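Asker: What follows is the residue order along each chain.
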Amino acid sequence: MTKAKRKRLIYNIVTFAVVIGAYIIMQTMIANGSITRALKGQLIPICCWIVMAVSLNLVIGISGELSLGHAGFMSVGAFTGAVVSGYLLHALGMENEGLRLFISVTAGGITAGIAGVIIGVPVLRLRGDYLAIVTLAFGEIIRNIVNVTYIGVNGSDLIFSFLNKNAPEGTRMLVDGASGAVKVGKISTFTAGFILVMITLVVVLNLVNSRSGRAIKAIRDNRIAAESMGVPVTKYKMMAFVTAAVLAGMAGAIYGLNSSTVVPGQFTFNQSINVLVFVVLGGLGNVLGSVISATLLTVLPEVLRAFADYRMLVYAVVLILVMIFTNNPAIRALTDRMLAPVKRLFTGGKEEAA
Amino acid sequence: MIFLDKLITGISLGSIYAIIALGYTMVYGIAKMLNFAHGDVIMMGAYIAFCTLQYLNLPPVMALIVAMAACTVMGVVIEGLAYRPLRQAASLAVLITAIGMSYLLQNLALMIWGANPKSFPGTMISIPTLSLFGGQLKITGATLVTILANVVIMVGLTLFTSRAKTGKAMRCVSEDRGAASLMGINVNRTISITFAIGSALAAVAGILLCSSYPTLQPTTGSMPGIKAFTAAVFGGIGSIPGAMLGGLLLGIIEIFGKAYISTELGDAIVFAVLIVVLLVRPSGLLGKPVREKV
Amino acid sequence: MTGQKRRSDTIMVPVPSYAIVPERDLGSQPVLEASHLGIEFGGLKAVEDFNMIIGRTEIAGLIGPNGAGKTTVFNLLTKVYEPTTGTVLINGKDTHGMNIVQASRLGIARTFQNIRLFGNMSVEDNVAIGLHNQIRYNMVEGILRLPRYWGAERRLHREALELLSIFDMQKLADVRAGSLPYGAQRRLEIVRALATNPSLLLLDEPAAGMNPHETEELMDNIIKIRDQFQIAIMLIEHDMNLVMGICEGICVLNYGRIIAKGTAEEIQNNPVVVEAYLGKRKEEAR
Chain A
1445 MTKAKRKRLI
1455 YNIVTFAVVI
1465 GAYIIMQTMI
1475 ANGSITRALK
1485 GQLIPICCWI
1495 VMAVSLNLVI
1505 GISGELSLGH
1515 AGFMSVGAFT
1525 GAVVSGYLLH
1535 ALGMENEGLR
1545 LFISVTAGGI
1555 TAGIAGVIIG
1565 VPVLRLRGDY
1575 LAIVTLAFGE
1585 IIRNIVNVTY
1595 IGVNGSDLIF
1605 SFLNKNAPEG
1615 TRMLVDGASG
1625 AVKVGKISTF
1635 TAGFILVMIT
1645 LVVVLNLVNS
1655 RSGRAIKAIR
1665 DNRIAAESMG
1675 VPVTKYKMMA
1685 FVTAAVLAGM
1695 AGAIYGLNSS
1705 TVVPGQFTFN
1715 QSINVLVFVV
1725 LGGLGNVLGS
1735 VISATLLTVL
1745 PEVLRAFADY
1755 RMLVYAVVLI
1765 LVMIFTNNPA
1775 IRALTDRMLA
1785 PVKRLFTGGK
1795 EEAA
Chain B
-14 MIFLDKLITG
-4 ISLGSIYAII
6 ALGYTMVYGI
16 AKMLNFAHGD
26 VIMMGAYIAF
36 CTLQYLNLPP
46 VMALIVAMAA
56 CTVMGVVIEG
66 LAYRPLRQAA
76 SLAVLITAIG
86 MSYLLQNLAL
96 MIWGANPKSF
106 PGTMISIPTL
116 SLFGGQLKIT
126 GATLVTILAN
136 VVIMVGLTLF
146 TSRAKTGKAM
156 RCVSEDRGAA
166 SLMGINVNRT
176 ISITFAIGSA
186 LAAVAGILLC
196 SSYPTLQPTT
206 GSMPGIKAFT
216 AAVFGGIGSI
226 PGAMLGGLLL
236 GIIEIFGKAY
246 ISTELGDAIV
256 FAVLIVVLLV
266 RPSGLLGKPV
276 REKV
Chain C
49 MTGQKRRSDT
59 IMVPVPSYAI
69 VPERDLGSQP
79 VLEASHLGIE
89 FGGLKAVEDF
99 NMIIGRTEIA
109 GLIGPNGAGK
119 TTVFNLLTKV
129 YEPTTGTVLI
139 NGKDTHGMNI
149 VQASRLGIAR
159 TFQNIRLFGN
169 MSVEDNVAIG
179 LHNQIRYNMV
189 EGILRLPRYW
199 GAERRLHREA
209 LELLSIFDMQ
219 KLADVRAGSL
229 PYGAQRRLEI
239 VRALATNPSL
249 LLLDEPAAGM
259 NPHETEELMD
269 NIIKIRDQFQ
279 IAIMLIEHDM
289 NLVMGICEGI
299 CVLNYGRIIA
309 KGTAEEIQNN
319 PVVVEAYLGK
329 RKEEAR
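Chains as they are written, first to last, in the numbering used here: chain A, 1445 to 1798; chain B, -14 to 279; chain C, 49 to 334.
These aren't lab readings, by the way, just hints derived from the structure by calculation. Nothing here was measured: the structure is a model prediction, and the numbers come from that model. Don't take every hint at face value.
To be verified - Below, a list of computed lysine to aspartate or glutamate pairs in the EDC-like style, where the Cα atoms sit at most 20 Å apart:
| # | chain 1 | residue 1 | chain 2 | residue 2 |
| --- | --- | --- | --- | --- |
| 1 | A | 1449 | C | 189 |
| 2 | A | 1449 | C | 222 |
| 3 | A | 1627 | A | 1541 |
| 4 | C | 272 | C | 207 |
| 5 | A | 1609 | B | 249 |
| 6 | C | 219 | C | 201 |
| 7 | B | 273 | C | 88 |
| 8 | A | 1447 | C | 222 |
| 9 | A | 1449 | C | 207 |
| 10 | B | 273 | A | 1573 |
| 11 | A | 1447 | C | 207 |
| 12 | A | 1451 | C | 201 |
| 13 | A | 1679 | C | 189 |
| 14 | A | 1449 | C | 201 |
| 15 | A | 1447 | C | 210 |
| 16 | C | 272 | C | 253 |
Same shape as in the complex, but just chain A:
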């Protein structure tokens, strides 16, 4: 085994170990009741945000395309999940929550993937900042469309209307326009979230280190050179983009099925930006970094709840300072020199996946 492969293997093992370890610790804490209610409530969202961050990292860090509409796919997944779960329960009378969750999450992934294809075809022709603004636009369009979509069940019929609510008497609304999906039914579990995180890690880490992943990275590093080696650019950009969309959709379904109400306003541009912040702070292309930063940054605002008035202010200042400290060449050289002895202690397992 070559040195590079060994490093990669260690990195992957560490990543999985961290996630599995955290899951076991959390489960033990739940079992002996030593977990706080606030943290327990955060477990499923944390899993979802990890999946969001890792999948966005696939687009931004590995594929090198700036996407500002990732929350849009989460939204598609969340509402698909709510509709499918509601339909299964109310129209087909499926009581088994685990099966319902599985089907809903799969459906969420599929519809988000389809949305990814529809969006990717035009978007991936554009470059750089233009791609960013168009993904942003698509995120907003998705939110707007969900805002005027009405889906309900009446008996075993699925009632669908657009722009104006049009449902016969006695229809049970699953998605009610701007008021979103109500009475969804909390069927998500921490274990389901954990499994999704594991699936995401397997998909992303294995993809990165395969023929397709190499092609994706090559396009990121130098598009023209990749093309002249016979690597079809659109195919691989689409592969990264759609894979990320599917994962985001699945995360969205779990996220949606974890709360009693889901409204389109939950998945705004700001949410996409939040995930982007996770990715950048965790390190572009660094999957473990995304996992850690998504976890910390989801928990942090809750921990800082005591300072509710200041927490977002502090968050903003910290964000700016971190960016300046890690990206200014002069400051970076200084901190690197100061941290050199510490780093020597921790070498191994810290290589970037890319």
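Knowing the structure of chain A, use the given hints to seat chains B and C on it.
Answerer: Only chains B and C this time, still in chain A's reference frame:
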């Protein structure tokens, strides 16, 4: 008549977008960065004008001057403290910093003025409503001033960039930063001036925006900011006439979309048009196509 | 080391007069046939009426002063630009309307004047991208690590190291390509292009930035590559020792037009070339 009314409303909204878009496009052209905090500078400008009018009881002209001055300082300080250290950094790092700055401004406003919306005083623009066709068509003073301000700013900026020495320096820096600095142009100073102008325009845009849509809260700037950014891309980012054209078209499309298609889908229509335009003309309406050198 | 002597009036097989094909290649189909190739950029004719035929195992040179349009010719042949006029046949197939990827699959590979490696990837992975179309397993097989993945990856590793051994670079396989020294980057680009299994290899200034010793080695290697892989090589180069030393046919470009064609000897004695190109160099050298 409704059509004409909507058209004028659209042009007025578009004028506001255009003025904001100018800030985005100038900064992008020269510093090659997306200044996400620009929309929040607008909001700060509007709050400052609101305070000078409401608490200091100063006349509207003074409110305008104070807001512009404050925003100019704010823009230069933001650039100097947050963006300048990242001049050589990857564009994504700068983008995240700008996003952090946007959060910072919003939360500062939240702390200072609270979350409750303030109603922007109508006394800011106290020109009477113009009645045409025997009262069938009414044009508010705010609308008139907005359109007029847009024309003045457009002409002024065009003259500035083509005639004034600083304006020419700006064009040089946007063309080739390295070459400009070799020619003795102070790049940092030029970028600062760009931020100053953009932020002063943001103050104007904030006042105009809140004169037409008087609800003022910490998030007031976000959506117009995003729309104006879209307008800048629509017209071809980096191009001043492009920002103007993009802003106006966007405003008109939004108002017409809301009036004739669906109120809820207004934003979606705007963004859909943007996407179609970018697919046909990948560098925007007036943007120069870039050919990658191999 | 000198190119084989050949004169157009001794050719027995009917090959157009603008061709410089070595005798050993005359019987077989040329790897490249470009005729009346031209492109305009906003009214400016960057390349005009470019005609060239390259034999299956020929080493051809494309020379000319800076800005003569040499790299543009490469861009036309590899379909980075669609020519305004004329046709390009690669292995007898018309490339009209094709994109870069399709042209590459016809058997054309290239290096770049301003090096275009995948800087954040390892040396081995750079070569692996060259081998991309020769290994076959899909995304799902890659993610689930099915048997085909392991088999293909093993083969890939072996072949990549084999290719790297041409330039004695096996030891660098794990190094990040972007951190290689300049000369090694140029060599890696050649290896990567070779990995695509081309029948025509285009080298854009392969000796740029190399010292005389390295250039000497490169010349030997270019010939070695031609002999070992039995491919045609066309190169743009300013180093006249290299061009005159290994190119069997040389084409001189000036202001986007071919001003001379022939063997090294013919080019060196061509008064037009001496005036437009070599003569100027000598004057500058003084």
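Asker: Determine for every hint whether it applies to the structure shown.
Answerer: Status of the hints after comparison with the structure:
1. 1449/A <-> 189/C: It holds: about 19 Å lies between the C-alpha atoms, which stays within 20 Å.
2. 1449/A <-> 222/C: Status holds; Cα separation ~9 Å.
3. 1627/A <-> 1541/A: holds (15 Å)
4. 272/C <-> 207/C: holds (18 Å)
5. 1609/A <-> 249/B: The given pair, whose Cα atoms are some 13 Å apart, holds under the 20 Å limit.
6. 219/C <-> 201/C: holds (19 Å)
7. 273/B <-> 88/C: holds (18 Å)
8. 1447/A <-> 222/C: Satisfied, since the Cα-Cα distance of roughly 7 Å is no more than 20 Å.
9. 1449/A <-> 207/C: Measuring from Cα to Cα gives roughly 17 Å; hence the hint holds.
10. 273/B <-> 1573/A: Roughly 15 Å between the alpha carbons, so the hint for residue 273/B and residue 1573/A holds.
11. 1447/A <-> 207/C: Between residue 1447/A and residue 207/C the Cα gap is close to 18 Å, so the pair holds against 20 Å.
12. 1451/A <-> 201/C: This hinted pair holds, its Cα atoms lying about 17 Å apart.
13. 1679/A <-> 189/C: The given pair, whose Cα atoms are some 17 Å apart, holds under the 20 Å limit.
14. 1449/A <-> 201/C: holds (12 Å)
15. 1447/A <-> 210/C: Satisfied, since the Cα-Cα distance of roughly 18 Å is no more than 20 Å.
16. 272/C <-> 253/C: Since the Cα atoms of residue 272/C and residue 253/C sit roughly 18 Å apart, the hinted pair holds (cutoff 20 Å).
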